[in-house]
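Mind docking chain V on chain E? Use the hints.
Listed in order, the protein sequences are those of chains E and V. Positions 1 to 265 (this note's numbering) are the ones given, in order, by the first sequence. Positions 1001 to 1284 (this note's numbering) are the ones given, in order, by the second sequence.
Just so you know, these hints were derived from the structure itself, not from any lab. All residues carry an ideal CB built from backbone N, CA and C; glycine is no exception. One should not assume that every hint holds.
Unchecked claim - Computed far set for chain E versus chain V, every beta-carbon distance over 12 Å:
1. H44
2. P197
3. E201
4. A227
5. E232
What the hints assert, rightly or not - Cross-link-like lysine-lysine pairs, in silico, DSS-like; alpha carbons within 25 Å at most:
6. V:K1262 / V:K1249
7. V:K1191 / V:K1170
8. V:K1067 / V:K1139
9. E:K148 / E:K225
10. E:K260 / E:K148
11. V:K1249 / E:K248
12. V:K1262 / V:K1068
13. V:K1170 / V:K1003
14. V:K1262 / E:K260
15. V:K1191 / V:K1171
16. E:K157 / V:K1133
17. V:K1191 / V:K1068
18. V:K1044 / V:K1068
19. V:K1133 / E:K181
20. V:K1067 / V:K1191
21. E:K257 / V:K1249
22. E:K148 / E:K194
23. E:K124 / V:K1133
24. V:K1191 / V:K1003
25. V:K1249 / E:K124
26. V:K1044 / V:K1067
27. V:K1068 / E:K124
28. E:K124 / V:K1067
29. E:K260 / V:K1249
30. V:K1067 / V:K1262
To be verified - Stretches of chain V that chain E covers, calculated by requiring three or more beta carbons in the stretch to come under 8 Å of a beta carbon on chain E:
31. 1175-1183
32. 1229-1237
33. 1275-1282
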Amino acid sequence: MSDLGFTPDEIMTIAAARSLSNDDVCFVGIGAPSAACNVARLTHAPDITLIYESGTIGTAPSVLPLSIGDGELCETAVTTVSVPEMFRYWLQGGRISIGFLGAAQLDRFGNINTTVIGDYHNPKVRLPGGGGAPEIASSCGEIFITMKQSLRGMVEKIDFFTSFGHGEGGDHRQRIGVTTKGPTRLITDLAVWKPDPETKEFTVVSLHPGVTREDVQGTCGWTVKFADALEETPAPTELELETLRALKERTREAHAKTGKPPQAA
Amino acid sequence: MTKFLSLHDAIAENVRDGDVAAFEGFTHLIPHAAGHEVIRQGRKDLTLIRMTPDIIYDQMVGMGMVKKLIFSYAGNPGVGLLRRLRDAVENHWPNPVEIEEHSHAAMANAYEAGAAGLPCAVFRGYKGADLAKVNPNIKSINCPFTGEELAAVPAIRPDVAVIHAQRADKKGNVLIEGIVGIQKEAVLAAKRSVVTVEEVVDDLDAGPNACVLPDWTVSAIAVVPGGAHPSYTQGYYDRDNATYLEWDKVSSDREAFAAWMKANVLDAGPDVYEERTRYLRSAA
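This is chain E alone, in the form it adopts within the complex:
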């Protein structure tokens, strides 16, 4: 914990949560996006529709799911549909306003790699792969990305285009026939970034409290552009912090659930 009273991880989740609104229909990626989406739902956006690719629509879990298909997602959902219906009618059908993704590797144009480090056919590290991401990236109205900054994660050139962001920048999406907006926001543990309207390169628009430009550049593999009117991200409110910490605590307890006999006291 820093002397600011919150961690970089906490301000990342809370800043990401603030980017969502009550009217959004959000396709939730697992991990950091899931935490942000549920903090939004438990604070300023109680009516947000959260969708997980397992088929749960309008779900309201009390703990963060370990997988994208934990039982509570289904129990609290408005409805649960089959996986083909999820991808055909709801995602491909254009019903989802925001896709919220994490990334193993990201470039300045919001292209994401979660497939492989090194050569695809002779990989240095074989990552899990794209899952739903390739079509989430092209079919949702717009894409938010959240990840911790690191030189390994934010790179000049990604090894594999798992999902297409703005490609080489500019109008590359339109040129390949994609009509949705693509990545419109990146929330890291240090800053909030938005794409330049013309070049589509991610630009820092807001630094989190206590973070310097040097901190951001030191953990990013490309030369960082900063907005002229650079802002400071408002510190988390008491409600935001309490909500996030309580959610994390409930989640810790739930994920410890085991089939082994209870320990004798």
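Chain V in isolation, oriented as in the chain E frame:
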């Protein structure tokens, strides 16, 4: 018409060496007990299909039974990577495994096309994605009406589909509830199918739009209480998250993996799953 068999006989009759086999269940209802029986029976040269090959396929790959894997997300959900699969892909241990990789949307559409008796699936996908460059089974087709370029992948038509479900009635009609995933499509796309169930009941008590596989669509049913563990069965027991977390450690070492497989799979039988889920049945 389906047959009620022991787990041993259901697998022996329906899963064969060299088969293209789909074990499905999207986080929920993963047929672990059936997969373990296939491991005990020592099937080999399998082509395995699964959208989310998690622990059960990591085990089969690590046991050297798999020649090819067709998938869209190969991870331990919420935990990390599949370490036996990585060892096979990166180091060819215990044998090289050919991979054919898709997106979830492609796999879901391909199963649906299989169930629908179509040769391929058409959808709007893979735009700008590199998978289309490394997987020759991803092609494109132009809409004959609008000219729009769409993605096309071959239909999935497994030799055998294996799933777990809540229950069957005495006739052999099967009910799947909760996150129903892709299982109905997998069974209808396959030549043969094996379903493990928690129990057999007099009446399925299913609503008119419930996900039911009529008895004549299923080759064999085996009653295996707890058969999805460490996955879960909605209405019966919860997911054993701790086991998923522990798997990361077990699977990180070849010897630890072999010892774990011997103790928990090779030397175990279909009766262990009920006990493994006993403390996860708090709601029951």
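**Ascending list of hint numbers which this structure does not respect** = 10
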